[in-house]
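Chemist: Build the full structure now, drawing on both the sequences and the hints.
Listed below are the residues making up each chain.
Protein chains: 2
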Amino acid sequence: MNAEIIAVGSELLLGQINNTNARFLSAQLASVGVNVYFHTVVGDNPSRLEKVLEVAGERSDLIILTGGLGPTKDDLTKETIAKHIGVDLALDEVAMASIEGYFKRTNRVMTENNRKQALVLKGSEVLPNDHGMAPGMMFTSGKRHYMLLPGPPSEMEPMFTKYGIPAITTKMGEQAKIVSRVLRFFGIGEAALETKLEDLIEKQSNPTIAPLASESEVTVRLTARDQSEEHAIKLIDELEAKILERVGAYFYGYNETSLINELAMRLKGRGLTIAAAESLTGGMFQEQLTSVPGASAILKGGVVCYSNEAKINIVNVRKETIEENGSVSAACAQELAENAAKLFGADLGISFTGVAGPEELEGHPAGTVFIGIHQKGKPTITEKLQLAGTREINRIRAVKHGCRLLINSLKE
Amino acid sequence: MNAEIIAVGSELLLGQINNTNARFLSAQLASVGVNVYFHTVVGDNPSRLEKVLEVAGERSDLIILTGGLGPTKDDLTKETIAKHIGVDLALDEVAMASIEGYFKRTNRVMTENNRKQALVLKGSEVLPNDHGMAPGMMFTSGKRHYMLLPGPPSEMEPMFTKYGIPAITTKMGEQAKIVSRVLRFFGIGEAALETKLEDLIEKQSNPTIAPLASESEVTVRLTARDQSEEHAIKLIDELEAKILERVGAYFYGYNETSLINELAMRLKGRGLTIAAAESLTGGMFQEQLTSVPGASAILKGGVVCYSNEAKINIVNVRKETIEENGSVSAACAQELAENAAKLFGADLGISFTGVAGPEELEGHPAGTVFIGIHQKGKPTITEKLQLAGTREINRIRAVKHGCRLLINSLKE
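Residue numbers (my numbering), protein chains in the order written: chain A, 857 to 1268; chain B, 857 to 1268.
By construction, these hints were calculated from the structure, which means they are not laboratory data. Be careful, since some hints might not be right.
Here are some, though not all, of the chain A residues that point toward chain B, as calculated from beta-carbon distances under 10 Å [stated by the list, open to error]: (1) G865; (2) I1057; (3) G1157; (4) V1160.
Glycine is no exception: its CB is placed at the ideal position from the N, C-alpha and C atoms.
Modeler: Following this line, the structure appears as structure tokens:
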């Protein structure tokens, strides 16, 4: 089954928001073996939407539309599709009751325009909206399937996972199993990785190998197709072993994980706690660590010591250390990491100090970063980085390097 | 001039990354009066890309492509366009020298496949890449303009701003001026705002009014067209005044700003400093504040007091306060805000304590948040929120509410 995702909304064409829906749907569809060959974005304009539907109808079996199901006057997706495929709209009683219930539950008065949201394509399978008002729907016209989903990700994502995917796999019937696995690497560039895997990439067929650089990381997606899921997994296992033999030193995890998540799992697994002293990263390390549920078992706390006063008065860095070496120094990073662990009574301490940019600081260019890692009973280690991104990218990379250093020091 | 943005990359169709390039380019093009009517995403597949180019050629004057200019074998954008419009590729000496220089500067060895990046469409205007290797280019074929840009946003964005926009406006010549302004609101829903502005939206023509909900905020974009820029601005000023008369209480800023940015500007303007004690937000407030360049003049520092120990031992919250009220309480928020300001010697202190979720805490449901705001010489204020999002959304909203409270307390 070949699919295409059409997002409807002028806000996308004006650059006000990202089309995160296309990304979410694509990843979900890939996981059940549906090929997505195109994404299209079109504005709240019925005639341009109709032309897009014509093009899509010629090349795709499954056409998924997001957006334009809301209560306001520029929400015209249902009306345009109804006209395009020649069906009427009808009020869905279940959806109407759910909309009225939603207003009651949140103690708000229903404005009249909300009634429009309960209209569906006559004869379609209605997909309930458990997190909002506009229902979704799936309509089959000949060999072509149309799925309409609401625009807000908080409504669309749970609806698609719970009701959309089963509706699609039912239509697909039996077919070859597809198994996909993403290997994640940090500390190696895309071209360098591809050069090391060149012969494997060259002769790929099943499984396929797709390297991708993003956010200072490289991922490699392996995808195998086979009648037997077990055999598809075996094919991927074998290829993975070959790849890790060459670039395993940079490998840190599988699929949707992240460096911070891998770090959190390892700390949890070992029953270790951590504290942080963050200067240039301004709290980013701790913010990311606390985004993982259950972080309170790991993170004792930390200090955002953005000023030298805070480094000296709160984190107890010796005044002479900063006078002699500056705050952008290995010596300062070392004391910050050690003192953070002591102050909060944690097993580990991490520190970040440096120059995020755009201006230089203490004679160091933007992108100079020192990271300190202290682990009880071991000598404190520090690492100097010279990053070359924007202010924000330097901060993000610094945090990733910190995670890598921590993960490595937990290995030993 | 009507434009269309084509992003090339199978990683987009697999849902590995968001098409942030389309958003960035759309916003930039809107600001110079280019209408973007379509976004398309297609994989690293020459025959599907060629079909997409055919469709685009029929409906758009300016076709901007991103991605597929890199060194690896699946980077085929240039080759496909060259074939589609019938031009050759030629080595650009300037780009080649720049690529060699890039490897020298970063102390890396150039692999042979990097040479491919210096090939450009013969006769095109080359757009230098100041942050990476693959140059961009603009090629005019009859009435149709093709612009090719690299995929990584860190390279594409500065290239487009510095070289791409001037290349486009030169081709556009004279035409009606378009002025656009975004009004940003926090604390009111989209439907409620639209109901209050219904008659204005109903009779809109010039300027147009486009409300949009995103990330717990609502924005309204006003766009006017006129031969005179001055008159277009006047039309927008008049409409803005009418809108703010009705919903001004929720308005906080214009265009690409954010609550944290507005807060930073107000603190800078008044020469005030701030410190923070963050429990449930885990450092997010400080991380956001330090993403603003020059934050060191505002943020003295803060504590991520994720554990009760940290609240008591580091931020000096009285043990009895927590024993009697719990850590999720107005009393705790008050002491955290006051003590953070004292500890770091700041003019203001802000605190966040509560239950991010998914689990409840101290008998409070997920989403219960207390914020404390202390300003020297004023009584400390606290506010209780009951949020209803996921863990991450609750944290983000808590920080936004904190900014709103601070901005309001600076007004008085």
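Chemist: Classify the hint on V1160(A) as holds or violated, based on whether any CB of chain B lies nearer than 10 Å to its CB.
Modeler: holds, 5 Å
Chemist: Given G1157(A) as an interface hint, is the shortest Cβ-Cβ distance to chain B below 10 Å?
Modeler: holds, 4 Å
Chemist: Do the numbers back the hint for I1057(A), that is, is its least Cβ distance to chain B under 10 Å?
Modeler: holds, 7 Å
Chemist: Does G865(A) pass the interface check with chain B, least Cβ-Cβ distance below 10 Å?
Modeler: holds, 9 Å
Checked against the numbered hints above, the structure breaks none of them.
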